[in-house]
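J.: Residue numbers (the numbering used here), protein chains in the order written: chain R, 1 to 396; chain C, 397 to 917.
Treat the hints as calculated values from the structure; they're not laboratory data.
Please read these numbers as outputs of a predicted model, since none were measured by experiment.
Ideal Cβ positions, reconstructed from N, Cα and C, are used throughout, including at glycine.
Treat the hints with care, as some may be off.
Cβ-Cβ distance ranges computed for the label pairs, FRET-style [what the hints assert, rightly or not]: (1) R:D90 / C:I872: 55 to 65 Å; (2) R:D116 / C:N739: 46 to 56 Å; (3) R:A132 / C:I804: 27 to 37 Å; (4) R:E379 / C:F712: 55 to 65 Å.
Residues from chain C that face chain R, not an exhaustive set, calculated with beta carbons under 10 Å [claimed, not checked]: (5) N479; (6) S481; (7) D735; (8) L737; (9) P750; (10) G837.
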Amino acid sequence: MKTVAVLLLIIMLLPLSGCWDSVELDQLAMVLLIGVDTDPMGDGFEVTVHVLNVAAGTASGTAGGTGGGGGSKNISQTLTLSARGQTISDATRNLRGRVQGRFSFHHVRVVLIGEDLARKGLQPVLDFLFRAPEIRLTSYLLVCQGTAREMMLLAPEISGTLDEELRGLIEMQGEWSKAYTPRLLEFCANYGDNGIQPVAGRLINLTYRTPVQPDTDEQQTKTSIIEGLAVFRDDQLRGWLTGTETIGFSYLIGKGGAMVLVVPWHAAKISIELAPESCNLRYIAGSNPPRFQVNLAATGQVMDYTGEIEFTPTLLTELEALAAAMLGDLLMKTVEKAREMETDFLGYGSIISRQDPRQWQALNKKWPETLHAVDTDIEVKFTLRHTGVTRSPLTR
Amino acid sequence: MRKARKPRKSLKLWEKKAQELEKQVQEQQSPLSDDFQANCAMIDAVFQGCDDVSTRDFQIAQDPPRPARLYMLKGTLDKTIINDSIIAPLTTAVKARGAGVPDLISAHMLTEVATLGEAVQEVLNGQVLLIIHRQARAWSVNAKAARLRTVAEPETQKVVRGPREGLIEDLETNLTLVRKRLKTPALKIVCRSVGRRSNTELAVLHLEGVADPKVLAEVHARLNKIDIDGIMDSGELEQLIEDNTISVFPQVGNTERPDNIAAALLNGRVAILVDNSPFALIVPNVLTDMLQSSDDYYERFQFSSLIRILRYVLAFVALLSPALYVAITTFHHEMIPTDLLTNLVHARAGVPFPTVIEAGLMELAFEALREAGLRLPKAVGQAVSIVGALIIGQAAVEAGLVSPIMVIVVAATGIASFTIPAFNGAVVTRMLKFPLLAAAGTLGLYGISLALAIIIIHLTSLRSFGVPYLSPMAPITISDWKDLIVRIPTWAMYQRPTFIAKGDLQRQSKSAAGVQPQKKK
Numbered sequence: 001m002k003t004v005a006v007l008l009l010i011i012m013l014l015p016l017s018g019c020w021d022s023v024e025l026d027q028l029a030m031v032l033l034i035g036v037d038t039d040p041m042g043d044g045f046e047v048t049v050h051v052l053n054v055a056a057g058t059a060s061g062t063a064g065g066t067g068g069g070g071g072s073k074n075i076s077q078t079l080t081l082s083a084r085g086q087t088i089s090d091a092t093r094n095l096r097g098r099v100q101g102r103f104s105f106h107h108v109r110v111v112l113i114g115e116d117l118a119r120k121g122l123q124p125v126l127d128f129l130f131r132a133p134e135i136r137l138t139s140y141l142l143v144c145q146g147t148a149r150e151m152m153l154l155a156p157e158i159s160g161t162l163d164e165e166l167r168g169l170i171e172m173q174g175e176w177s178k179a180y181t182p183r184l185l186e187f188c189a190n191y192g193d194n195g196i197q198p199v200a201g202r203l204i205n206l207t208y209r210t211p212v213q214p215d216t217d218e219q220q221t222k223t224s225i226i227e228g229l230a231v232f233r234d235d236q237l238r239g240w241l242t243g244t245e246t247i248g249f250s251y252l253i254g255k256g257g258a259m260v261l262v263v264p265w266h267a268a269k270i271s272i273e274l275a276p277e278s279c280n281l282r283y284i285a286g287s288n289p290p291r292f293q294v295n296l297a298a299t300g301q302v303m304d305y306t307g308e309i310e311f312t313p314t315l316l317t318e319l320e321a322l323a324a325a326m327l328g329d330l331l332m333k334t335v336e337k338a339r340e341m342e343t344d345f346l347g348y349g350s351i352i353s354r355q356d357p358r359q360w361q362a363l364n365k366k367w368p369e370t371l372h373a374v375d376t377d378i379e380v381k382f383t384l385r386h387t388g389v390t391r392s393p394l395t396r
Numbered sequence: 397m398r399k400a401r402k403p404r405k406s407l408k409l410w411e412k413k414a415q416e417l418e419k420q421v422q423e424q425q426s427p428l429s430d431d432f433q434a435n436c437a438m439i440d441a442v443f444q445g446c447d448d449v450s451t452r453d454f455q456i457a458q459d460p461p462r463p464a465r466l467y468m469l470k471g472t473l474d475k476t477i478i479n480d481s482i483i484a485p486l487t488t489a490v491k492a493r494g495a496g497v498p499d500l501i502s503a504h505m506l507t508e509v510a511t512l513g514e515a516v517q518e519v520l521n522g523q524v525l526l527i528i529h530r531q532a533r534a535w536s537v538n539a540k541a542a543r544l545r546t547v548a549e550p551e552t553q554k555v556v557r558g559p560r561e562g563l564i565e566d567l568e569t570n571l572t573l574v575r576k577r578l579k580t581p582a583l584k585i586v587c588r589s590v591g592r593r594s595n596t597e598l599a600v601l602h603l604e605g606v607a608d609p610k611v612l613a614e615v616h617a618r619l620n621k622i623d624i625d626g627i628m629d630s631g632e633l634e635q636l637i638e639d640n641t642i643s644v645f646p647q648v649g650n651t652e653r654p655d656n657i658a659a660a661l662l663n664g665r666v667a668i669l670v671d672n673s674p675f676a677l678i679v680p681n682v683l684t685d686m687l688q689s690s691d692d693y694y695e696r697f698q699f700s701s702l703i704r705i706l707r708y709v710l711a712f713v714a715l716l717s718p719a720l721y722v723a724i725t726t727f728h729h730e731m732i733p734t735d736l737l738t739n740l741v742h743a744r745a746g747v748p749f750p751t752v753i754e755a756g757l758m759e760l761a762f763e764a765l766r767e768a769g770l771r772l773p774k775a776v777g778q779a780v781s782i783v784g785a786l787i788i789g790q791a792a793v794e795a796g797l798v799s800p801i802m803v804i805v806v807a808a809t810g811i812a813s814f815t816i817p818a819f820n821g822a823v824v825t826r827m828l829k830f831p832l833l834a835a836a837g838t839l840g841l842y843g844i845s846l847a848l849a850i851i852i853i854h855l856t857s858l859r860s861f862g863v864p865y866l867s868p869m870a871p872i873t874i875s876d877w878k879d880l881i882v883r884i885p886t887w888a889m890y891q892r893p894t895f896i897a898k899g900d901l902q903r904q905s906k907s908a909a910g911v912q913p914q915k916k917k
């Protein structure tokens, strides 16, 4: 009897905790996208977030509306909020006054950084993101050309929310390789390593004209695209890589996807879709100044051809050699860019440190200032797998 | 003061009655005398006020004629047997003096009775009692008429493939159904009775050389200890003989299927059949028995194994899904994929109750519907489930009282609990999901882990007639896993379960498995 009474008392104690950790889902202010800029009015930061609009789903099942709110009649899926503060945490806490419900940063999957802030230095942002247990280090890091806030006011075009759209763009970028977006963890790891400089995705603001209806005037639509690369020196933005240079970058670090190479050939053009099979960037042992050897093997197929010559085995061999040379040039341009910027985003330093730690100890102090002395030999092996379903061009 | 007196008075009354009963028992043990009139008077006195006991006086055709009397219960007897096999041979033909009663009566079962108590019991058991002048004994003749429910398909343990026979309320028929499946003298059936007033017959079945003698002895020891006035169903007996009487987990299995009983006996278990109950008890019963169906052995092993795995998964779904839903959505929403969480948030917008209350209410409503459907006639029961599940559920969601996801969770829980083959096992998940829900609502996943830990500690401490309740998982006997989560092919099951059977463990000899695919030479 006594034990039963004691057990009952314990059971009655349990609800006294008042479920202090529990948050009902509709009490949740779920942050989907976070953008950080320098404070335009002062010394600190401006944090912009997209918070999931709880009421949007109940009103209608259709995904619609604008991130910024206003203008559209549909209820927006997200609310865009900004707040300023001396530090990032201060700024996020200043958002408190605008949202009911408990903030949850668990579901942030994309982090946007304004260009100004990136040039000033990312260290305060990185420390916040790395320290906060709520932030997933698997989130993607993008640097905006312009401010993050401006980007976040853009309406998503296909998806319900902007973060979903950005994530879709990032996840499919292996289809053209003109963009590369690292995860937060990768950025933080490279930030701490002198042998490799961190990079981030590059988000570009774009305005284009679309006719709304056949008879009406054209309307200007603003949108964002992810192309190219933001290159950092330590935590400061050093410059941008174009889409083509980004192809070279992603191939050289061995994370390349598919790409389309346009080869001028006998007064016509051939598009070849190719993908790397293997790419090996290695330090030639003992060389000083350091020399590097790149071995790239790629395969591809003919996608289109504007000429009228029928492919023959000898012509195909010629085409392969031409494409290999062009691919080599493409990679070389990225290498040149790294030398020019004196920023070791390709990770030459870490390759030396892995292969020859002693040599690296000597080079480390002067790195990456001595990068311009580094030579790179590029060897490309390209195999044309097939010419599509036809061998002869489509002619009259 | 007055109030206190009342129970004492009734206690006295009870004591008096007990004394009377004691006296009656003593009287009943008194032997029959050779005085015909005295015997008849004694039996008449016992049956005073029992108008369903009828008598028939006649003279045995002897020289000189001897008076005799039949005692029998109205309505349970086959009139032709009484007329043609008892009365006719005794009254018509003149018999030689030396001929005994067994020579005269042509009924197939005849037993001698020496005491008054036995004689009375035989009448109550539906036998015909014959008392003859100048005989210090009586004879009981079996003249039972078959007035029974026919053997029909069992209602509770349906199978797609397998015998359609189910037990009925008659013990003898049930024993026949089992004996039909195990035609061996090793199948031992011990009949005994239980209940001071009901005198319910029951039979303890085991396979000699296969069943564990310790379990068998334990069964008899526990049956000996029963001192109750009456037992209406084997379910009552189960509660009197189980190891842990307050645990929610059933430690005695039950089945309505004679093929299940036979299979259990072959595995070395002991079966208890109770008269007037179509449910046989099977001991020892372990946790995983609740997730096994006789179908598993009749279907081919691949399918059976898949279905069994599904059952294990669904048992956890039935037990945990409301609790997990509550814990994850209110404490650990970072665990949910973002897209799913977005959906959940939208679905829950505007629901006025906390999730744990919402889940509790919906589960209660579901249990209410199930109970309502069970008690009502079949046709009405269906209407209740349609009105309840479809219309009320839909209306509740549209009114914004519950979220549609919660309806899905509750429905999934319900359907999952229906897949547990043993009803007493399904009941366990239905009961335990509520404390788990409470734990989830107060402490989240941590609470669920605590509650599960308590349940597992309890399970490991349970025994069913000496056999650990979690065997063959704890204590682990790998060789018995062949029939646990998956069922290996029948030809590969050489051994009986070693945690139950003792003695002859071999089910089939390895060399005799000639039906296995032979390799071409």
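J.: Against each hint, give a clear statement of whether it holds in the structure.
T.: Structure-based check of all given hints:
no. : hint                        : in the structure
1   : R:D90 / C:I872: 55 to 65 Å  : holds, 57 Å
2   : R:D116 / C:N739: 46 to 56 Å : violated, 37 Å
3   : R:A132 / C:I804: 27 to 37 Å : holds, 33 Å
4   : R:E379 / C:F712: 55 to 65 Å : holds, 57 Å
5   : N479                        : violated, 64 Å
6   : S481                        : violated, 62 Å
7   : D735                        : holds, 8 Å
8   : L737                        : holds, 6 Å
9   : P750                        : holds, 6 Å
10  : G837                        : holds, 7 Å
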